[in-house]
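S.K.: Here is what each chain is made of, one letter per residue.
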Amino acid sequence: MSNLNEHRAGRLHGIWALTNRELKKWYKAPVIFILSIIQPILWMGLLGKALNIGALIPSIPGVDPGAVLLKTLGTSDYFSFMSVGMIAFTALFTTMFSGMSVVWDRRLGFLNKALSTPVSRAVIIFSKVLSATLRSMFQAGVIVLVAVAFGLQFGPHFTLLNLLGIFAIMFLVCVGLSSLFIAITIRSTRIETPMAVVNLINLPLMFASNAFFPIDKMPYDWLKAIANVNPLSYTTDAVRQLLIFDTNWAQLGLDFAYVGIFAVIVATISIVISWRFLSK
Amino acid sequence: MSEEVIKAEGLTRIFNKHLTAVDHINFSVNKGEIFGFLGPNGAGKTTTINMLITILKPTEGKASVLGFDIAKQDWNVRNVIGVVPQEYTADEDLTGLENVLLCADLYGIPRDVAKERAMDLLKLVELTDFKDKKVQTFSGGMRRRLELACGLINRPKVLFLDEPTLGLDVQTRAATWNYIRTLKKEFGMTLFMTTHYLEEADALCDRVAIIDHGKIVVVGTPEDLKHGLGGDVITLAIKEDADVIELIRKVEHVKDVKKEDGSYRIKAEFGEVTAPFIIESLRKKGYTVTKLSLTEPTLNEVYLEYTGKSMRDAEESREAFAAQRITMGRARR
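Listed in order, the protein sequences are those of chains E and B. Each step along the first sequence adds one to the number in the numbering used here, with nothing skipped, and position 19 is 19. Each step along the second sequence adds one to the number in the numbering used here, with nothing skipped, and position 269 is 1269.
Derived from the structure by calculation, the hints contain no laboratory data. Treat the hints with care, since some could be wrong.
[To be verified] So the derived label-pair ranges between C-beta atoms look like this:
id: 1; chain 1: B; residue 1: Lys1133; chain 2: E; residue 2: Ile37; range: 25 to 33 Å
id: 2; chain 1: B; residue 1: Asp1120; chain 2: E; residue 2: Lys28; range: 21 to 29 Å
id: 3; chain 1: E; residue 1: Ser279; chain 2: B; residue 2: Lys1007; range: 53 to 61 Å
id: 4; chain 1: E; residue 1: Glu192; chain 2: B; residue 2: Lys1031; range: 44 to 52 Å
id: 5; chain 1: B; residue 1: Lys1031; chain 2: E; residue 2: Phe277; range: 20 to 28 Å
id: 6; chain 1: E; residue 1: Asn199; chain 2: B; residue 2: Leu1304; range: 48 to 56 Å
id: 7; chain 1: B; residue 1: Asn1041; chain 2: E; residue 2: Asn199; range: 33 to 41 Å
[Unchecked claim] According to the in silico footprint, chain E covers these stretches of chain B (three or more CB under 8 Å from chain E):
id: 8; stretch: 1050 to 1060
id: 9; stretch: 1072 to 1083
id: 10; stretch: 1279 to 1291
[To be verified] Calculated lysine to aspartate or glutamate pairs in the DMTMM-like style (CA-CA distance at most 20 Å, straight line):
id: 11; chain 1: E; residue 1: Lys217; chain 2: E; residue 2: Glu22
id: 12; chain 1: B; residue 1: Lys1258; chain 2: B; residue 2: Glu1272
id: 13; chain 1: B; residue 1: Lys1134; chain 2: E; residue 2: Glu22
id: 14; chain 1: B; residue 1: Lys1255; chain 2: B; residue 2: Glu1272
id: 15; chain 1: B; residue 1: Lys1031; chain 2: B; residue 2: Asp1206
id: 16; chain 1: B; residue 1: Lys1007; chain 2: B; residue 2: Glu1033
id: 17; chain 1: B; residue 1: Lys1259; chain 2: B; residue 2: Glu1296
id: 18; chain 1: B; residue 1: Lys1133; chain 2: B; residue 2: Asp1069
id: 19; chain 1: B; residue 1: Lys1284; chain 2: B; residue 2: Glu1240
id: 20; chain 1: B; residue 1: Lys1267; chain 2: B; residue 2: Glu1246
id: 21; chain 1: B; residue 1: Lys1284; chain 2: B; residue 2: Glu1296
id: 22; chain 1: E; residue 1: Lys24; chain 2: B; residue 2: Glu1092
id: 23; chain 1: B; residue 1: Lys1226; chain 2: B; residue 2: Glu1240
id: 24; chain 1: B; residue 1: Lys1133; chain 2: E; residue 2: Glu22
id: 25; chain 1: B; residue 1: Lys1267; chain 2: B; residue 2: Asp1224
id: 26; chain 1: E; residue 1: Lys28; chain 2: B; residue 2: Glu1092
id: 27; chain 1: B; residue 1: Lys1184; chain 2: B; residue 2: Glu1033
id: 28; chain 1: B; residue 1: Lys1267; chain 2: B; residue 2: Asp1243
id: 29; chain 1: E; residue 1: Lys28; chain 2: B; residue 2: Asp1093
id: 30; chain 1: E; residue 1: Lys25; chain 2: B; residue 2: Glu1240
id: 31; chain 1: B; residue 1: Lys1226; chain 2: B; residue 2: Glu1269
id: 32; chain 1: E; residue 1: Lys25; chain 2: B; residue 2: Asp1093
id: 33; chain 1: E; residue 1: Lys24; chain 2: B; residue 2: Asp1132
id: 34; chain 1: E; residue 1: Lys24; chain 2: B; residue 2: Asp1093
id: 35; chain 1: B; residue 1: Lys1115; chain 2: B; residue 2: Asp1129
id: 36; chain 1: E; residue 1: Lys28; chain 2: B; residue 2: Asp1132
id: 37; chain 1: B; residue 1: Lys1250; chain 2: B; residue 2: Glu1269
id: 38; chain 1: E; residue 1: Lys25; chain 2: B; residue 2: Glu1092
id: 39; chain 1: B; residue 1: Lys1239; chain 2: B; residue 2: Glu1280
id: 40; chain 1: B; residue 1: Lys1255; chain 2: B; residue 2: Asp1206
Where a beta carbon is used, it is the ideal one built from N, C-alpha and C, also for glycine.
Start from the sequences and build out the full structure, keeping to the hints where you can.
M.R.: Next up, the structure:
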């Protein structure tokens, strides 16, 4: 018999075990996995293709609908424009569930059990953040592939390296969003509470952004103001700069800086709040 | 010889500034014993265990586990204890083996060591044949055994069991007791458990603390507690409608008599010898005994004596609660 637990691990141990536990629920369940891939396909196929904005512009002689769209949206194809919005949409929806899984773990007692092991409190929280982030990044990759299959038009400077940039911005925004949702839900013991919170804020966050419509064409200043502080706007813009626009490097830098600062600040505050709450 | 493994001094937890769940309790658990916290729902058992396993901070007082302070050296405490929670915390979507390995990862045990230990533990709790089956196919008893295996993966010196047989049927409960006894023998562990089953405390625990309203009312071995009551309980009824309390009280070895629902509840030493004398003295005065029963004291009588109420009432709501938890676990998928 050994004396104490002889394998006293470092402060970060267990992070992959806990993250993988979350991910297994997804990739080991074929139905959920396939649905999570089909969902963006349906959205893009139906919404993206149904909203044929180009067809609304009458073919007056001398007016090229493509040129009009290029001027307002930055790309001549609305489908390309909104399929990138879908990537932000996926990030939002997937990270929302990180909050719910905390509630489940509380109710089923797994959280208490994890808290009674030497795993650090921050690791417990961060594993939730990480699993939601990895899941979103995978789905973003799927969306890009599907969008390409549906006729996404790449920007003139697109290279495969730009894909890494897309994953990077997704990583940042998902870390920020999922820690935010976890901080909101960590105190609740009922699954209804995070559901209500999430339903309240997800659509406003979605539509008060440039995901489906350009901000400078929005009708109200207050709406523009909200859209201009919404991190989803910056995420979407970054992905567009990388994927479909004629890349504006200064704007791309600003996008990354904004989302990066958002992620660091929100994740820090959220993890501190959650950590405090768990060590009650 | 008796080395104190757990020691609590004035341990108190107050929720929301006025709800005192645990009220200045003092106790110590010796090395190698099974120590039981017995009490009804809401008595403060789980709050106490949660403080000892460092997931709740005490409001006042202190406690130590293997010499580590639960508030200041909580990480050290977590390294040396094993916990078997009340709920079935195993992940339904993972297999039995995967669940044990997940627990091993939480303790930072390297994979090769973990695998070997996991196989040994699954053998111990007789789940080897089911190690690659998903937990959602497991019965209640199998899940409880899996929780035991998870709680032992870090070879704890002290194992905490919160209601280890809640919601299990009688056979499975007896089987689980056997596993717990084996664990104690095989690993020389100290066990701290809570229960609201009197039979369980009686069958399993070396010492029992009865807790009620956040306070420990009495501590002792089940035998001492039962004998401390002053003997057996004789219940009898007479045909005549008369008060014979004083008459019975005069019989030798009778300690106490109470009239309850038309029958007399008599506390007496050496019950089987005393009962005939009681019948004899009643008959001499012309009374006829119609019914008589003799019971040796159980912990329920002890509980009744110290808290003034029966434990049975709390039980039903508890069972329903456990069933609900299990249903919820299934609903998650």
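S.K.: Compare the structure with each hint and give your call.
M.R.: Hint check:
Against the hinted window of 25 to 33 Å, the Cβ-Cβ separation of Lys1133 of chain B and Ile37 of chain E comes to about 28 Å, which satisfies the hint. As the Cβ distance of Asp1120 of chain B to Lys28 of chain E is approximately 26 Å, the hint placing it in 21 to 29 Å holds. Distance hint for Ser279 of chain E and Lys1007 of chain B: a CB-CB separation of about 22 Å, inconsistent with the stated range 53 to 61 Å. Our hint of 44 to 52 Å for Glu192 of chain E and Lys1031 of chain B holds, since their Cβ atoms are close to 47 Å apart.
Between Lys1031 of chain B and Phe277 of chain E the beta carbons are some 35 Å apart, a value that contradicts the proposed interval 20 to 28 Å. Evaluation of the 48 to 56 Å hint for Asn199 of chain E and Leu1304 of chain B yields a pass: the beta carbon distance comes to about 51 Å. In this structure the supplied range 33 to 41 Å holds for Asn1041 of chain B paired with Asn199 of chain E, their Cβ-Cβ distance being about 35 Å. Coverage of the stretch 1050 to 1060 of chain B by chain E holds [criterion: at least 3 residues with CB-CB distance below 8 Å; count 6].
With 6 residues carrying a beta carbon less than 8 Å from a beta carbon of chain E, the stretch 1072 to 1083 of chain B meets the three-residue requirement, and the given coverage holds. With a threshold of 8 Å between beta carbons, the proposed coverage of the stretch 1279 to 1291 of chain B by chain E is violated, since 0 of its residues qualify and at least three are required. As the CA atoms of Lys217 of chain E and Glu22 of chain E are separated by approximately 41 Å, the hinted pair breaks the 20 Å bound. Note on Lys1258 of chain B and Glu1272 of chain B: the hinted pairing holds, with a Cα-Cα distance of about 19 Å set against a maximum of 20 Å.
Using a Cα cut-off of 20 Å, the hinted pair Lys1134 of chain B and Glu22 of chain E holds, with the two alpha carbons roughly 15 Å apart. Distance restraint check for Lys1255 of chain B and Glu1272 of chain B: the Cα-Cα separation of roughly 14 Å lies within the 20 Å cut-off, and the hinted pair is therefore satisfied. Distance hint between Lys1031 of chain B and Asp1206 of chain B is fulfilled; the C-alpha atoms sit about 11 Å from each other, no more than 20 Å. With a C-alpha separation of about 13 Å, the suggested pairing of Lys1007 of chain B with Glu1033 of chain B holds against the 20 Å cut-off.
For the proposed pair Lys1259 of chain B and Glu1296 of chain B, the alpha carbon gap of about 19 Å is at most 20 Å, so the pair holds. Restraint check for Lys1133 of chain B and Asp1069 of chain B: not satisfied, since their Cα atoms lie roughly 40 Å apart, outside the 20 Å limit. Distance hint between Lys1284 of chain B and Glu1240 of chain B is fulfilled; the C-alpha atoms sit about 14 Å from each other, no more than 20 Å. Note on Lys1267 of chain B and Glu1246 of chain B: the hinted pairing holds, with a Cα-Cα distance of about 14 Å set against a maximum of 20 Å.
Proximity of Lys1284 of chain B to Glu1296 of chain B is assessed by CA-CA distance (about 27 Å); at most 20 Å being required, the pair is judged violated. With a C-alpha separation of about 11 Å, the suggested pairing of Lys24 of chain E with Glu1092 of chain B holds against the 20 Å cut-off. At most 20 Å may separate the alpha-carbon atoms for a hinted pair to count; Lys1226 of chain B and Glu1240 of chain B exceed this at roughly 33 Å. A hinted pair counts as satisfied when its Cα atoms are at most 20 Å apart, and Lys1133 of chain B with Glu22 of chain E qualifies at roughly 19 Å.
Among the hinted pairs, Lys1267 of chain B with Asp1224 of chain B is consistent with the structure: their alpha-carbon atoms are about 16 Å apart, no more than 20 Å. This hinted pair checks out: Lys28 of chain E and Glu1092 of chain B have alpha carbons roughly 12 Å apart, not beyond 20 Å. With a C-alpha separation of about 8 Å, the suggested pairing of Lys1184 of chain B with Glu1033 of chain B holds against the 20 Å cut-off. With a CA separation close to 17 Å, the supplied pair Lys1267 of chain B and Asp1243 of chain B stays within the 20 Å bound.
Only pairs whose Cα atoms come within 20 Å are accepted, and Lys28 of chain E paired with Asp1093 of chain B is accepted, the gap being roughly 8 Å. A C-alpha spacing of about 71 Å is found between Lys25 of chain E and Glu1240 of chain B, which places the hinted pair above 20 Å, so the restraint is violated. Restraint check for Lys1226 of chain B and Glu1269 of chain B: satisfied, since their Cα atoms lie roughly 12 Å apart, inside the 20 Å limit. Distance restraint check for Lys25 of chain E and Asp1093 of chain B: the Cα-Cα separation of roughly 6 Å lies within the 20 Å cut-off, and the hinted pair is therefore satisfied.
Our distance criterion of 20 Å between C-alpha atoms is met by Lys24 of chain E and Asp1132 of chain B, whose separation comes to about 15 Å. With a C-alpha separation of about 8 Å, the suggested pair Lys24 of chain E and Asp1093 of chain B falls inside the 20 Å cut-off, and the hint holds. Our distance criterion of 20 Å between C-alpha atoms is met by Lys1115 of chain B and Asp1129 of chain B, whose separation comes to about 15 Å. Straight-line distance between C-alpha atoms of Lys28 of chain E and Asp1132 of chain B comes to about 14 Å, which keeps the hinted pair within the 20 Å bound.
Proximity of Lys1250 of chain B to Glu1269 of chain B is assessed by CA-CA distance (about 14 Å); at most 20 Å being required, the pair is judged to hold. Taking the CA atoms of Lys25 of chain E and Glu1092 of chain B, the gap is about 9 Å. The hint holds against a cut of 20 Å. The hinted pair formed by Lys1239 of chain B and Glu1280 of chain B meets the criterion: a straight-line CA distance of about 15 Å does not exceed 20 Å. In summary, the hint linking Lys1255 of chain B to Asp1206 of chain B is not supported, as the alpha carbons are separated by about 28 Å, beyond the 20 Å threshold.
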